[in-house]
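> Turn these sequences into a full structure, and let the hints steer you where they fit.
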Amino acid sequence: MLPFYLFTLFGEYRKLICSEYVHGFVREVMLVLVYVYDSLSSIFSLLPAIVQAQNRPLPGSCSFESSTCGYTSDPDFTSWTLNKDGYCISMDPGQEYQNRQEKRPEGEERSEGEGRGVLLSPAMEQEDWSCLRLMYQLSVSGSLQVQLRREGESFDWTLWNTQTASDSWLISSIDLQDTTEPYRIVFEAIKGSSIRSDIAIDNIVFESGPCPDIEVKMTHSPGNATDIE
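Under the numbering used here, the letters of the sequence shown match residues 661 to 889, in that order.
Be a bit skeptical, because a hint or two may be false.
[What the hints assert, rightly or not] Derived CB-CB ranges, DEER-like:
1) ARG856 x ASP788: 15 to 25 Å
2) ASP745 x GLN837: 30 to 40 Å
3) THR840 x LEU742: 31 to 41 Å
4) GLU841 x SER721: 18 to 28 Å
5) GLU787 x SER853: 36 to 46 Å
Please keep in mind that the hints were generated in silico from the structure rather than gathered at the bench. On a predicted model such as this, the values are computed, not experimentally measured, just so you know. The C-beta atom is built at its ideal place from N, Cα and C for all residues, glycine as well.
Now the structure itself:
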C-alpha cells in the first residue's frame, strides 16, 4: 500500500507545484524532488527484471530431464547415459562390463578406461565470475572430480573432487573465475571395486556471481530414486 500512498501524495504535490502559490526557489526545490522521485520509481520498477536476470541459469546448465544439453562422453572411457526415466545422467558400463566384473579373479586390476567415465561440457566462455552448482551421488564407493580444460592447453585444472559415498543426493558449489578464453568443464568419475558402485549427476547449473558459502544435502532424489543404485 505504501507505493499507492506515495503516488497519491506526489500527485497532489505536482498539482501544488503548478499552482500560483508556489514560485521561485521553492518551486525549483520541489521540481528537483519530483525528479528524484521519478528516477527512484524507474529504478525500483526495473528491480524485478534485474533480479530475474541474475538468477537465470547461464549457458552450460542442464537438468538432464530429456537431453544431455550438449554434454558428451569421452569415447575412450565408459559412457555416460541418461537414466531411462530421466532426471539424471550416470555412468553406464553395460552388461559386458558387469559380466567381466563378476568373473574377474580376486586382486586382478581393471584395464585403463574400465570403470572410468569422462563427461565433457559444451565449449563455454564466461567473462564474469560465475558459480557452478552440481547435484551428484556416489553410491557405495568411487570418486568424482571436476576439472577445467582451457582451449589449446594439454592439461586440465582440478577445481573440486570428492570420494564421499552417500545414499542421498549432495550439492557442491564451485567458483569459476572470469576468463576470455573458451573452456570446457570436465567431470571425471571412477567407480569403486564393487559391482554396485554407481555415480550419477542430476543437475548442473551455472549462475552469475560467486557462490554463496553454504552446503546442502538432499535427503531424497528429486526424481525416481529407486532407479539409481
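> Now, for every hint given, state plainly whether the structure supports it.
These are the hints, each one checked on the structure:
no., hint, result
1, ARG856 x ASP788: 15 to 25 Å, "42 Å, violated"
2, ASP745 x GLN837: 30 to 40 Å, "37 Å, holds"
3, THR840 x LEU742: 31 to 41 Å, "33 Å, holds"
4, GLU841 x SER721: 18 to 28 Å, "20 Å, holds"
5, GLU787 x SER853: 36 to 46 Å, "43 Å, holds"
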